[in-house]
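There are 2 protein chains.
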Amino acid sequence: MKVLVIGGCGFIGSHVVDRLLAHGHAVKVFDRQMERFRPPLEGVEYVTGSFGDRMALIEALAGVEAVMHLVSTTFPGTADLSPTTDVQDNLIGTLSLLDAMGGLGISRILFLSSGGTVYGLPDIVPIPETHPLRPINSYGIVKASIEHYLEMYRRTRGMSPVVIRASNPYGPRQGHAGVQGVISTFLSRLNAGQSIEIWGDGSVVRDYLHVTDLAELCARAVASERVGPYNAGSGQGTSIRQIIEILAAVTGQPIQPIYKPGRVIDVSHSVLDVSRARTDFGWQCGMPLLEGIQATYEWVRQQ
Amino acid sequence: MKVLVIGGCGFIGSHVVDRLLAHGHAVKVFDRQMERFRPPLEGVEYVTGSFGDRMALIEALAGVEAVMHLVSTTFPGTADLSPTTDVQDNLIGTLSLLDAMGGLGISRILFLSSGGTVYGLPDIVPIPETHPLRPINSYGIVKASIEHYLEMYRRTRGMSPVVIRASNPYGPRQGHAGVQGVISTFLSRLNAGQSIEIWGDGSVVRDYLHVTDLAELCARAVASERVGPYNAGSGQGTSIRQIIEILAAVTGQPIQPIYKPGRVIDVSHSVLDVSRARTDFGWQCGMPLLEGIQATYEWVRQQ
Chain A
1 MKVLVIGGCG FIGSHVVDRL LAHGHAVKVF DRQMERFRPP LEGVEYVTGS
51 FGDRMALIEA LAGVEAVMHL VSTTFPGTAD LSPTTDVQDN LIGTLSLLDA
101 MGGLGISRIL FLSSGGTVYG LPDIVPIPET HPLRPINSYG IVKASIEHYL
151 EMYRRTRGMS PVVIRASNPY GPRQGHAGVQ GVISTFLSRL NAGQSIEIWG
201 DGSVVRDYLH VTDLAELCAR AVASERVGPY NAGSGQGTSI RQIIEILAAV
251 TGQPIQPIYK PGRVIDVSHS VLDVSRARTD FGWQCGMPLL EGIQATYEWV
301 RQQ
Chain B
1 MKVLVIGGCG FIGSHVVDRL LAHGHAVKVF DRQMERFRPP LEGVEYVTGS
51 FGDRMALIEA LAGVEAVMHL VSTTFPGTAD LSPTTDVQDN LIGTLSLLDA
101 MGGLGISRIL FLSSGGTVYG LPDIVPIPET HPLRPINSYG IVKASIEHYL
151 EMYRRTRGMS PVVIRASNPY GPRQGHAGVQ GVISTFLSRL NAGQSIEIWG
201 DGSVVRDYLH VTDLAELCAR AVASERVGPY NAGSGQGTSI RQIIEILAAV
251 TGQPIQPIYK PGRVIDVSHS VLDVSRARTD FGWQCGMPLL EGIQATYEWV
301 RQQ
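Chains A and B supply the protein sequences, listed in that same order. Following full-length UniProt numbering from start to finish, the first sequence increments by one per residue and tops out at 303. Following full-length UniProt numbering from start to finish, the second sequence increments by one per residue and tops out at 303.
Misleading hints may appear alongside valid ones.
Stated by the list, open to error - Label-pair restraints from in silico Cβ distances:
#1 B:Met34 to A:Arg157: 33 to 41 angstroms
#2 A:Ser195 to B:Gly158: 50 to 58 angstroms
#3 B:Arg278 to A:Gly158: 40 to 48 angstroms
#4 A:Pro132 to B:Tyr259: 47 to 55 angstroms
#5 B:Phe75 to A:Glu65: 50 to 58 angstroms
#6 A:Ser203 to B:Met1: 37 to 45 angstroms
#7 B:Gln284 to A:Gly202: 47 to 55 angstroms
#8 B:Glu45 to A:Asp280: 55 to 63 angstroms
#9 B:Arg278 to A:Glu65: 51 to 59 angstroms
#10 B:Arg278 to A:Thr48: 26 to 34 angstroms
#11 B:Ile124 to A:Glu65: 35 to 43 angstroms
#12 A:Ser203 to B:Met34: 55 to 63 angstroms
#13 A:Met1 to B:Pro254: 53 to 61 angstroms
#14 B:Ser275 to A:Trp299: 55 to 63 angstroms
FYI, nobody ran anything at the bench for these hints, they're computed from the structure. Beta carbons are placed, not taken as given, at the ideal position from N, Cα and C, and that holds for glycine.
Given the sequences, and given the hints that come with them, work out the whole structure.
Structure below.
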């Protein structure tokens, strides 16, 4: 099928494109800029434009059968600084996309949501998809609102939305400016001989998922007829302190992190129950954390 | 205390102003226009302006200790026609209000949410405040998003938000253009000798609350230090068919409604569990439905 990947030049998007090509799909990419770490791929059609540019988006939508919406103009750690911008860019931007799709008769959409933020403080861990959505930061609030609208458009406007609630993805081609993911940020700083800062005491537990595993799930999900939310995680919790130990082993250097006060907004423990994705797509996280971090370190060293 | 009532000239707002005055508070009202059914009230300061006009809002906020946010530019039945407008006007408008309050050091806010839409299709009835928020129409999605942001602002920015999730309010001074409430719409049509239309088979059950009861709860809640959501309903479910029977008794005329196909978005059964408001505010619905409808009919006949 012909798929438009919005945000297809980003960290996750570039891996999703790889998996779509591997599955034999025709791929068109819409993004603000070309990929940062690779030249353009053979056989992929690239359209550059801003997510807020409705006409550019409509043009990009022409002739596609499904849309993968992987774009966010904000990050979990920074969206709270301007909720208005977050809502304007991402929520209204997505409604505009849905309206454009409706006008062109395109009903299939995969939306990349956030398993780490939409649930808020979890009642149970690992968290199933049926857990209430009680986001406590702007990033999660906007993602949850988009999910609600997708469900409303499914009920009333014939859309066919599937939602992937990703945990903490990591791997090659992740930005390392300090806003996107601890593994890439830490590896990049270690590689440059810099110190590592930790917010809180390092006990915060997250569910780290290698980006190729996430991309594979996205590729399977969009080509299916399934609708509704799917958690995407490893199903395993790892504390920041454990990550530091693995990084020390992988880089072969002792690490002395600098501890800083924890943020009020941090959820202390977040691990996803991924049995629904296993049941419906025969999918599970295939890359062990140690191996995934080794591969990421290899990539960081080559940059 | 000095309270700014945003939307204080509307149906619910005008009754809230009455109850605030009865409780001895100083009242300032911000609304697009003056009250439709009454002259301006003695001792109330009126400021006219649009909710989207940030500077007018900031001026109105000067000198107040608490804000009651009762405004919605959309209705449950019509918001779905333009979700983008709904988000723009109400969600971004509210974020703008919160930022203005933050800048002026005003932390107390009461937000009027919607007990009939934020829960979506309920798992249990009567619905407690702890029920997941799974709205399936735009009105409810925006209300739920605002609630999430209020909680985020409580955690991270020192706001003190209390949320009233109202069921189906009815009573004098309700608009009867057909978008706001079945009781007023039906009474107004009966009074004009017009026919009554029902979407679906009349089995839809709602929780009808007389507006003076709702206003009393709002007046108590804003002056308290309680935070978080409170359901506001009668705790009793009444079907549309039962409403028709009461209307026939009250107006003394036989009623032959015209039945139309039900809407996909309608929740079939919605009744709120109001024990939290009873426990924390000693509040409960005081007006029996029959008596409330009689009083509303009296008012409709005088218009």
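Going through the hints against the structure:
1. B:Met34 to A:Arg157: 33 to 41 angstroms: holds (38 angstroms)
2. A:Ser195 to B:Gly158: 50 to 58 angstroms: violated (32 angstroms)
3. B:Arg278 to A:Gly158: 40 to 48 angstroms: holds (43 angstroms)
4. A:Pro132 to B:Tyr259: 47 to 55 angstroms: Between Pro132 of chain A and Tyr259 of chain B, where Cβ atoms are some 36 angstroms apart, the hint is violated.
5. B:Phe75 to A:Glu65: 50 to 58 angstroms: This hint is violated: roughly 36 angstroms between Cβ atoms.
6. A:Ser203 to B:Met1: 37 to 45 angstroms: holds (42 angstroms)
7. B:Gln284 to A:Gly202: 47 to 55 angstroms: Holds: the Cβ-Cβ distance is about 49 angstroms, inside 47 to 55 angstroms.
8. B:Glu45 to A:Asp280: 55 to 63 angstroms: Given a distance of about 59 angstroms, which is inside 55 to 63 angstroms, the answer is holds.
9. B:Arg278 to A:Glu65: 51 to 59 angstroms: holds (54 angstroms)
10. B:Arg278 to A:Thr48: 26 to 34 angstroms: Given a distance of about 58 angstroms, which is not inside 26 to 34 angstroms, the answer is violated.
11. B:Ile124 to A:Glu65: 35 to 43 angstroms: Distance hint for Ile124 of chain B, Glu65 of chain A holds at roughly 40 angstroms.
12. A:Ser203 to B:Met34: 55 to 63 angstroms: Once the Cβ atoms are compared, 57 angstroms apart, the range 55 to 63 angstroms for Met34 of chain B and Ser203 of chain A holds.
13. A:Met1 to B:Pro254: 53 to 61 angstroms: With a Cβ separation near 59 angstroms, Met1 of chain A and Pro254 of chain B satisfy 53 to 61 angstroms, so the hint holds.
14. B:Ser275 to A:Trp299: 55 to 63 angstroms: holds (56 angstroms)
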